[in-house]
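Assemble the complex: chain A is given as a structure, and chain B with the ligand must be docked to it using the hints.
So the sequences go chain by chain: A and B.
Residue numbers in the first sequence follow UniProt numbering, run continuously in steps of one, and reach 379 at the last position.
Residue numbers in the second sequence follow UniProt numbering, run continuously in steps of one, and reach 325 at the last position.
The hints are simulated quantities; they were obtained by calculation from the structure and are not laboratory data.
Glycine is no exception: its CB is placed at the ideal position from the N, C-alpha and C atoms.
Hints should not be assumed to be uniformly reliable.
[To be verified] Distance condition first, Cα-Cα at most 20 Å in a straight line; then the derived DMTMM-like pairs of lysine to aspartate or glutamate:
no., chain 1, residue 1, chain 2, residue 2
1, A, Lys296, A, Asp133
2, B, Lys181, B, Glu222
3, A, Lys305, A, Asp47
4, B, Lys101, B, Asp167
5, B, Lys215, B, Asp311
6, A, Lys305, A, Asp102
7, B, Lys47, A, Asp282
8, B, Lys107, B, Asp167
9, B, Lys215, B, Glu286
10, B, Lys303, B, Asp320
11, B, Lys47, B, Asp21
12, B, Lys303, A, Asp327
13, B, Lys303, A, Asp133
14, B, Lys303, A, Glu339
15, B, Lys303, A, Asp47
16, B, Lys303, A, Asp350
17, A, Lys305, A, Glu78
18, A, Lys305, A, Asp133
19, A, Lys296, A, Asp315
20, B, Lys303, B, Glu286
21, B, Lys303, A, Glu78
[What the hints assert, rightly or not] If you anchor each label on the Cβ, the simulated ranges turn out as follows:
no., chain 1, residue 1, chain 2, residue 2, range
22, B, Met1, A, Met356, 36 to 42 Å
23, A, Phe318, B, Thr266, 55 to 61 Å
24, A, Asp138, B, Gly228, 51 to 57 Å
25, A, Glu375, B, Trp179, 29 to 35 Å
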Amino acid sequence: MTALSHTTEVVDPVPGAGAPHLPDQPDLVQLLTPEGERVEHPDYALDVTAEELRGLYRDLVLVRRWDSEATALQRQGELGLWASLLGQEAAQVGAGRALAADDMAFPTYREHGVAWTRGVDPLHVLSLFRGVDQGGWDPVTTGFNLYTVVIGAQTLHATGYAMGMQRDGAESATLAFLGDGATSQGEVNEALIWASTFAAPVVFFCQNNQYAISAPIERQSRVPLFQRAAGFGFPGVRVDGNDVLAVLAVTRAALAAARDGQGPTFIEAFTYRMGAHTTSDDPTRYRLASELEEWKLRDPIARVKAHLSRSGIADADFFAGVEADADALAERIRSGTRELAPPAPTEIFDHVYAEMPPELARQRAEFVEYHSRFEGAGQ
Amino acid sequence: MTETLTIGKALNLGLRRAMEDDAKVVLMGEDIGRLGGVFRITDGLQKDFGEDRVVDTPLAEAGILGTAVGLAMRGYRPVCEIQFDGFVFPAVNQIVTQVAKLHARSKGRLPMPIVVRIPFGGGIGAVEHHSESPEGYFVHTAGLKVVAISSPADAYWGIQQAVAHPDPIIFLEPKRRYWDKGEVDLDGAPAPLFASRVVRGGDDVTVLAYGPMVKTALQAAEAAAEEGRSLEVVDLRTLSPLDLEPVYASVRRTGRCVVVHEAPLTLGLGAEIAARVTETCFHSLEAPVLRVGGYDTPYPPSKLEEDYLPDLDRVLDAVDRALGF
Ligand SMILES: Cc1ncc(C[n+]2csc(CCOP(=O)(O)OP(=O)(O)O)c2C)c(N)n1
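Just chain A, same shape as in the assembly (with noise of 0.2 Å):
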């Protein structure tokens, strides 16, 4: 399959050298400028209707409307944390838009856009940021597995499940998405090889957005990532995870390649984290402003914005009408996630097991006894 060759060469490492984020890249696909102009990739051709484009841009800017209304809500103090995806939109929405319906995706913690995607509700997520649950969506119908805070245990999960299909002969295929951070994780490193030996439907898609936390790239790997694929026998791509069209494209061609009985794909979407690394982070500590400014010069939603225009595909009033949704997401994500309240507290207990056991019972029904001493003690 041509359209996922990749390279092998070894890109010389400069340790510490300054700015490293921006180098040049002749092996990553685009398919859409950051000028917002359309180019032709010969590996991945793309047809998208006029209807499509329009869909994937009220995407991007709705999956930033709730990103940013949420980063608000934490601010108010009505949720606990929030991982922001700002600058990743079109990785997300690009990738989330590939998968077919009977596909399932294996998130992090970051992947609000695939779960927009999934139709997954965001006041399901929020949930889990508040604190009221673990996260309240069913993982079966979405086809959106639950959020997965330990770094790269999903890609385990991600490829087993695949490995499941494979021996249904379901023709379908799982996305597990990663962070650059995670490619270090033993477990990754598993899940590659687990994949590559059971030619698994499964396609690792890892958002380079160039940092874990404070920690650049650098300090995980002197290679492009995407080139880490070669040594575990399966192609690796590098895309312009910026570029909602190039990341839809070879999504959309890893996943067939799965379905068809070529095992997995890794897709490197190069990006940038625009935001700190969740609320709790203070990004100002270890990057510079310059380097927020380039990449803001890139950006996701900005390129598709001129491209529809340019191209008469889309005029003010439809503009206007993608920002009247976004406007009536963010109000009903405030408004609901102020709703959120918290479930029994018995619900600590209620789930744990299948068949509960007699000692948990036990503590239940002590715990139930406990709290009934205190009802109405203030009244």
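For chain B with the ligand alone, kept in the frame of chain A given last:
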């Protein structure tokens, strides 16, 4: 010289002094360099000691502990920071199968002076895996020593003692108390590392706690005093080896004992302590040794953690029950 410090700052100063005292001390962990760690415990240390001594590692806990083993074999003293309790598990293979056993297997030829610093426990409103109490796994593993600090003075001195100690030490830092302040005598003689300590004298019930629960136990003692009950509070400080002689002495006087921890009840440290106190002080006991712990459930979402974590009411309830026998 005596200073008022937070537990976090005391750890920072203690690490600084340990590094000054011994050039073989190397700090390793995720984000501990320029960022100073997510809790800023290593703030400023990389600036002053350089990137070779304060190492920002790749995002790989097995790597942090596995390379620490090799460094220790070469005479270095690695001090590993695990970012949060829930992320120690990828490193558990190295800790349990290698770090804990190499001294014994080599008949003492391979030193393992490794410190694993872990911010542990709940109460900070975090998402999952950021609030766990994994001490039981380590206490259960022979070859490791386990310490849990609860005060700035113990933070400052304890970390230095742990770094200088020849055996591997799991060093548990109560993350929700990082910002609590207390007096630290920077020159005075420190309390021994592997000793428990009576932190409040009393006659009616002995309450044992460690790490974050020491403050809770003291609050309970305060509240109990208002009702005319006198609780003796013991800070265990060392979980492996356990130092129970002062506890036995206390229980022989009070006749009653309550053990408090955040970790789940079943096979938590309270179980071991209850067994030992019962075996040793059976004839002095007026009531069974009672335990207050977390429930045998996963740590809950943060909005329910107040329901999960032992608070002073649950300690007082256990005290009532002990006195009711
Ligand atoms: C096993 C483990 N170790 C440490 C952490 C703490 N932690 C949370 S996110 C993170 C950085 C992850 O970086 P990367 O994989 O690049 O993903 P990104 O957050 O940049 O999307 C760290 C160290 C964790 N969640 N799991």
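- Message: Checking each numbered hint in turn, tell me which of them this model violates, lowest number first.
- Response: 1, 6, 9, 10, 12, 15, 17, 18, 19, 20, 22
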